[in-house]
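Colleague: Those protein sequence lines, which keep their order, are chains A and B.
All residue numbers for the first sequence refer to my numbering, where the first residue is 1 and numbers rise by one.
All residue numbers for the second sequence refer to my numbering, where the first residue is 1 and numbers rise by one.
One thing to keep in mind: the hints can contain errors.
Some chain A residues near chain B, calculated using beta-carbon distances under 8 Å [to be verified]:
(1) Glu16
(2) Ala17
(3) Leu19
(4) Ala368
(5) Asp373
For the record, the hints were derived by calculation from the structure and aren't laboratory data.
The beta carbon of each residue, even a glycine, is placed where N, CA and C say it ideally should be.
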Amino acid sequence: MKFRDLTELAGRNLREAILRNSLTTLGIAVGVASLVAMLSLGVGLQELADKRLSRSGLFDAIFVAPQSNLRGFGRPARQPAAKTAKSEDSRPLDEEARKEIERLVNVVEVYPEFRFPSDIRYAGNSYSTLVASVPASARSNGAFEGIKGAFFSAPAADEAILQIEFAKELSDQPDTLLGKEIVLRYVERQVSSAETGSTGAGAPPASDASAEAGLPAGIFPGLSIVPREKTLRIVGIVETEPTGGFGGFGRGRVLIPLQVAQSLRIAQANDLREMLRGASAKPSYATLTVRVKSPAQVQSVEAAIKQMGFAAFSLLDATRSLRVVFAVFDLLLGLFGSLALAVASLGIINTLVMAILERRREIGILKALGAADRDVRMLFFAEAGAMGLLGGIFGVTLGWLIGRALTFGANLYLRRQDLPPIDLSSVPWWMVAGAIAFSIAVSLAAGIFPASRAARLNPVEALRYE
Amino acid sequence: MTTAPDGVAIRTDRVSRHYQMGPALVRAVDDVTLDVRGGEFIALLGSSGSGKSTLLNLIAGLDRPTSGAILAHGQDLAQMSSQELAQHRSRTVGMVFQAFNLLPRMTLEENVELPLRLAEVDRGERQARVREAVQRVRLEARLTHHPTELSGGEQQRAALARALVNRPAILLADEPTGNLDSATGDAIMLLLREINESLGMTIVMVTHDRARAERFAHRILQMNDGKLVSDGVPS
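Looking at chain A on its own, in the form it has when it is part of the complex (with noise of 0.2 Å):
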């Protein structure tokens, strides 16, 4: 028999026993259904935990420092003699490492942090806190979310943005503080005639004039250090902290653009360090933060960078570690949300099963008029097929809009605690697909037994049967 007249055939014996075929549909409907609302909570809450932790902008990055400030801390496990031997051998992170780390492939941006203590004047009272940088990148950044006020509107502007606990210090009404002024009190590192190069605006000055002459520690010709101050205009106020480089989490309370942090030349703890070694005659950085094009490019480009002697570390492990906690969540949902699709199969073999009692007869006319075991059989799996894509259909749907619901009761209550809204469930195309080919294949496998059992009857006895 020719597909379409197997269709139209089996549409036809489907729509005669309309009320049993549809609640048998329905069964399938509700076991895909509850398969596609398991599935689509466990990939919505996957996709809410990457972007989360994609916009937090710590797994597509690798943070990177010299090997002597990170002893023992993403460092390879072996080094050569030579690079082990003296810590002052190690190679300075300087503006030409940053360079050449940004021409390593699928590296998006190398930008160096600064974070410093300050003095912060506000309305005539003074406040001591940490002073971090931020790149014109992170505005994506998942801490500038929720954001009152506005991000940096430009990478070099003079502006401020404040963590919410340290503006509440500076007023009782933190949102009046957009649009104030604070000054910002810090200390210049002053460039000096023994300065050698001026790559990174900020880096600090190299004492290669004190190594060369031999002066003990503590006298350092070409460093000066100056209390300056900054006026700066608040333009916004940030819930959380947004997470730092290798500096750590929460690592400043002052947010100011790094262009800014840049041309203030301040002064910071590698400045000291780096001179007491006096490892490099060029200014060098403290740490450099690596931002890469997506997660999975960190492993290779973090090897590049520990290839070239400097010490990574990203976050790719734990991201790893999340991924499989999360596949065996899916599973584990996945399995759950089939159970109700194995009974559902149960109800078509049974729909089936009494469908050759009551169509013994018809099945015995068919073979007298000509139709071969395979017609019969044929026939039967294309009943078993449409109740399968009818109720795959109708079960995504319905799993669809379980997960919607589940979606709006979240939200209601994330907004009563004045939470951001959120995305709990998720339905891609491939789970659309897969959910609907699961039930045609379950509903077909059901119905091989019935099949079978209808394109074996013997005409003559079906005949006879009334």
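Chain B: place on chain A using the hints.
Modeller: Here is chain B on its own, set in the frame of chain A:
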């Protein structure tokens, strides 16, 4: 399909069909040998349980013999695969039954079209074939009616149209007038004779009704206890 070179449409050669019913062996058809020539109208007479319907089912390819050979146009049905037997039922023979066996949820037109679907006849050709078959049994006006909306005679004529639609060489009729009144039964018999004469179709008809058999058939075979006991022309 044409008849075999020797003009024999159906040949059974020592055909037996035995059933095991518990400890008893039932010899439904027992060592039957006969030839039916192409274009013949044969009536198979016998009492209930004589084996005539079983023999008809064997010729139709609905059942397989326990032993012996059944040749339809030279092809041995006993040696055919299940698929080949289905093709034989679809293309070589057409069947009508005492109980009509129309599918109640299909219209007359759809019932008649069903063998064409099973024989994978092109859709473009189907309508003309259905019309031709329905015209032959004079039921053009009832195409859209369901079997429950037809009289017994009309249902049997519809079943006859369905049996003819694939243009088989052999028509097998199992008690075609058994469920009909006398006048309607005669009308069906006239129709069968007309088909036999105009199309040259071989007809094997199982019946209880000796009078009708003698009136319409060319040859009468008598069965008893599974055996062919007589073979002759109507008196």
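Colleague: Would you mind marking each hint as holding or not holding in the structure?
Modeller: Here is how each hint holds up against the structure:
Against a cut-off of 8 Å between C-beta atoms, the interface hint on A:Glu16 holds, since the closest Cβ of chain B lies about 6 Å away. The criterion of a C-beta within 8 Å of any C-beta in chain B is not met by A:Ala17, whose closest approach is roughly 10 Å, and the hint is violated. At about 15 Å, the closest approach between the beta carbon of A:Leu19 and any beta carbon in chain B exceeds 8 Å, and the interface hint on this residue is violated. Interface restraint check for A:Ala368: the shortest CB-CB distance to chain B comes to about 5 Å, inside 8 Å, so the restraint holds.
The beta carbon of A:Asp373 comes within 5 Å of a beta carbon in chain B, closer than 8 Å, and the hint placing it at the interface holds.
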